[in-house]
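A.B. asks: Chain by chain, the residues:
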Amino acid sequence: MAEPARGLSEAHAEHHHEELSFWRQYVFSTDHKVIGIQYAVTGLAFLLFGFCLMMLMRWQLAYPDQPLPLIGNLFGPNRAPGGVILPDFYNELGAMHGTIMVFLGVVPLAVGGFGNFVLPLQIGAPDMAFPRMNMLSYWCLFLGGVTMLASFFLPTGAAANGWTSYSPLADIALNGQTAWLIGMIFLITSSLLGAINFITTAIQLRAPGMSWMRLPFFCWSQLVTAFLLLLAFPPLEAAGVLQLMDRVAGTSFFLPSGLVIGGQALEVSGGGNPLLWQHLFWFLAHPEVYVLILPALGIVAEVVANNTRKPLWGYRSMVYSLIFLGFMSFIVWAHHMFITGMGTVMSSFFQTTTMIISIPSVVILTALIISLWGASIRINTPMLFALGFLPMFGIGGLTGLPLGLAAADIPLHDTYYVIGHFHYVVAPGTLFALFAGIYYWFPKATGRQMNEFLGKLHFWPSLIFMNGIFFPMLIQGLNGVSRRLADGGISYDFAGEVAGLNRMMSVSAWCLGLAQIPFLINFFVSIKSGKKASDNPWQSTTVEWMAPSPPPHGNFLTAPVVYRGPYEYSVPGQQPDYIPQCQPPGDAGGRRAATVET
Amino acid sequence: MEIPYTVEAHPETGLNNGKIGIWLFLTSEVMLFGALFATFIMLRIGADDWAHLKAEAELNIPLATVNTIVLITSSVTMVMAWASLMRRQLDRYRLFMLATVGFGCVFLVIKYFEYTAKFAHHHYPSTNTFLAIYFTMTGLHALHVIGGMAFNFYYAVPGAKLWHKNPQWLTDRVEHSGLFWHFVDLVWIFLFPVFYLL
Amino acid sequence: MSDSHHAVDTHHVDIDKHVRTYILVFVSLMVLTVATVGVYYIHMSPAVGIAVALFIASIKAGLVACFFMHLIDEKKLIYWVLGLTMFLFFVLLFTGMMARAAHQVLPT
Chain A
-8 MAEPARGLSE
2 AHAEHHHEEL
12 SFWRQYVFST
22 DHKVIGIQYA
32 VTGLAFLLFG
42 FCLMMLMRWQ
52 LAYPDQPLPL
62 IGNLFGPNRA
72 PGGVILPDFY
82 NELGAMHGTI
92 MVFLGVVPLA
102 VGGFGNFVLP
112 LQIGAPDMAF
122 PRMNMLSYWC
132 LFLGGVTMLA
142 SFFLPTGAAA
152 NGWTSYSPLA
162 DIALNGQTAW
172 LIGMIFLITS
182 SLLGAINFIT
192 TAIQLRAPGM
202 SWMRLPFFCW
212 SQLVTAFLLL
222 LAFPPLEAAG
232 VLQLMDRVAG
242 TSFFLPSGLV
252 IGGQALEVSG
262 GGNPLLWQHL
272 FWFLAHPEVY
282 VLILPALGIV
292 AEVVANNTRK
302 PLWGYRSMVY
312 SLIFLGFMSF
322 IVWAHHMFIT
332 GMGTVMSSFF
342 QTTTMIISIP
352 SVVILTALII
362 SLWGASIRIN
372 TPMLFALGFL
382 PMFGIGGLTG
392 LPLGLAAADI
402 PLHDTYYVIG
412 HFHYVVAPGT
422 LFALFAGIYY
432 WFPKATGRQM
442 NEFLGKLHFW
452 PSLIFMNGIF
462 FPMLIQGLNG
472 VSRRLADGGI
482 SYDFAGEVAG
492 LNRMMSVSAW
502 CLGLAQIPFL
512 INFFVSIKSG
522 KKASDNPWQS
532 TTVEWMAPSP
542 PPHGNFLTAP
552 VVYRGPYEYS
562 VPGQQPDYIP
572 QCQPPGDAGG
582 RRAATVET
Chain B
-7 MEIPYTVEAH
3 PETGLNNGKI
13 GIWLFLTSEV
23 MLFGALFATF
33 IMLRIGADDW
43 AHLKAEAELN
53 IPLATVNTIV
63 LITSSVTMVM
73 AWASLMRRQL
83 DRYRLFMLAT
93 VGFGCVFLVI
103 KYFEYTAKFA
113 HHHYPSTNTF
123 LAIYFTMTGL
133 HALHVIGGMA
143 FNFYYAVPGA
153 KLWHKNPQWL
163 TDRVEHSGLF
173 WHFVDLVWIF
183 LFPVFYLL
Chain C
35 MSDSHHAVDT
45 HHVDIDKHVR
55 TYILVFVSLM
65 VLTVATVGVY
75 YIHMSPAVGI
85 AVALFIASIK
95 AGLVACFFMH
105 LIDEKKLIYW
115 VLGLTMFLFF
125 VLLFTGMMAR
135 AAHQVLPT
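Those protein sequence lines, which keep their order, are chains A, B and C. Quick note on this note's numbering: the first sequence kicks off at -8 and runs consecutively. Quick note on this note's numbering: the second sequence kicks off at -7 and runs consecutively. Quick note on this note's numbering: the third sequence kicks off at 35 and runs consecutively.
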């Protein structure tokens, strides 16, 4: 009865006595842990690359039209003659920075990486429901990434039309927009296949006793995220096909009649609507921002519960808020379009739904903060990043409120205020949570711990410099400085003093880059030389810590059975201060049964 | 290592993994075609003289009606293929599956004639927005027909070997392939009146 | 449970009844297809024409979904997922109708 029901063997069952070749084991693997690490490493590499693109942009903003020192001449006369960044190059950097950070950096790491590695382990499953499709979804991501990178080498350069690719510009632009669209189709396919896997796995493969309300909050966040990906991405895929048709087949889906470019009437049929692109794009892109934050909230919840040695406060409310948030995220998208002339009825509707959606976010953040109250807080690197996340996400969320109100949005739309807002949520928000997750689950994935000193050396400067970059953006935006200006706004009188902030912001950005070096060293050196970790170095209750570090193929030595909720910490009268989910009742020594360490 | 509930039904949901997987995939397809139908609506409402654009396109209603009958019939043969497996009639199964693929071929051939006739009259996607959305939606639909045919052919011929190793699994997979095929039929049931008759 | 390794689970399904249903549905679909085209040749206002055509198409789609796709007899989980999807589908269609806004004429 404690045995999980066994499905019948696969037709091509992997006999576990058979040695897999290097390629089948580490490259074309169907094991969710290998795939998760592939996603995570790919995501981290693209985060670094996207960050480098931004550091180039920040030079232009700090020292407009000054030659870029040392590397300026590497970009050729079309992009940076004499090392001076041209406006078109600045736009290329901007569009690709956004695209890469969102679709090739955060999502692969947060969903593909953490989701794939942790979810099956946390629910007590041997793998994902569809292991081969899991492998396929990674390679689709890889192809998408290669396409995006290759587009830089096109004669016309990569796409330079904003990550939002608005028509009509994106329809007619003579740059790598077509490659961008093809790349996006690969990336969307990857996410769709992944979402199908995550949902089926979470529903079907939970270990016996793992009821819905015993699921760790991280699993709930991945499940809701998967639904967002599944249902919101296809409209963008459709829009991408339509824009591709406009660019390649001469259609006018997004090109209105009578469009005149540079004094010449465009020779197309016309009759299209640029707003259609915006609606279809934002129908995805709004749920997408929740895809960016929900896994982060999940990670923070796990790290907070573990390091406060207390159950999460308001777990049930957090779960219901998560579900409500996921649902609402589909009906707020046009708050990105308040200035398109939709009319007051539409604006009122979307303003209202946007205000409503702030409630579940606040519930979740408040529950996490209240979870700290009366806690025995253990400070380690994951906890530092989780604690840092809380106020940073708070600032990000609060600065979103005026943007969600139609009237207040009018002066703020497309200014640096918006950039400040969303970077607060994604950079010292999501990225901090992802770092917390890396430090937290590194021992499980590698069997070794990362160095604590280097971790703190990574955290504190990152926190300071993140604020150094993004807080002034809020000020610049409130003063009316528009986004996507290659000179940082100095050509506008009203920008005045606040444009001068650019220099300090750029220095912060470059220092933020330096602050990542301890992390890179720590990450790679610890794989080989880190302190050896036990199976459960954080004394955590959740199921993944019952598996060996690192877990073998199939994950658990004995099939897990779940007896209690996910956060049984500091149960009165119980020593030690945690009871693992899989520990049989009345068996204090039982928690060692499924582990190999002594 | 075995993945649980690949064939057996999960005690709580009553479903196997593949059934959930294919329905989830179909929901994403509903959203994909939904976005395109939304595009159709927006283009139609925004056009000055949609009827004129449509008349310019000279769509062939009789051919499309035949195609509608062809696809519906193929849906019947598809579900009969699954029913044959349930009745353990492997030969009839193969016949019905190949018939389904055959009808798919007929559909594509008719579409080929429709498209080439348009091109011969210089009616391209770039000609007007009606033709643009017509070619895009029917083209994407045709790609789905090809995809469905590929899966169906695989299970009709090479993949049918699975019957001897695990008949329940083959039956389930044919059922799931059938779900995709019926969905493709469903889309056409709406495409036909929306483009040709309205 | 008996060794299901080599058997096909027909335990809960009366396949002959199903097949009879499939034939019935096929005939209905043929009739409705004729109706779809027939209605096209009857003169009516565009709005009514759209409504009738979509109504008939919905019936046909419903028959395919309920009987060929076995939706009439499916598990709750599938119903919930489809319900959510259909809601979002209609939200999307509604987006298409917001084109009205593009034609708003602002007061001069």
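Treat the hints as calculated values from the structure; they're not laboratory data. Possibly wrong hints are sitting among the right ones.
[Unchecked claim] With a Cα cut of at most 30 Å, we get these calculated BS3-like pairs of lysine-lysine:
1. C:K109 x B:K157
2. B:K153 x C:K51
3. C:K51 x B:K157
4. A:K447 x A:K522
5. B:K46 x B:K110
A.B. asks: Compare the distance between the alpha carbons of K51 (chain C) and K157 (chain B) with 30 Å, and conclude whether the hinted pair is satisfied.
C.D. replies: holds, 28 Å
A.B. asks: Would you check the hint for K447 (chain A) and K522 (chain A), treating anything up to 30 Å between C-alpha atoms as holding?
C.D. replies: Distance of about 17 Å is within 30 Å: holds.
A.B. asks: Verify the proposed pairing of K109 (chain C) with K157 (chain B), using a straight-line Cα cut of 30 Å.
C.D. replies: Since the Cα atoms of K109 (chain C) and K157 (chain B) sit roughly 28 Å apart, the hinted pair holds (cutoff 30 Å).
A.B. asks: Can the restraint linking K46 (chain B) and K110 (chain B) be considered satisfied, given a maximum Cα separation of 30 Å?
C.D. replies: Distance ~13 Å between K46 (chain B) and K110 (chain B) Cα, so the pair holds.
A.B. asks: Would you mind confirming whether the straight-line C-alpha gap from K153 (chain B) to K51 (chain C) stays at or under 30 Å?
C.D. replies: The hint holds at about 28 Å.
Consistency note: the structure conflicts with none of the earlier hints.
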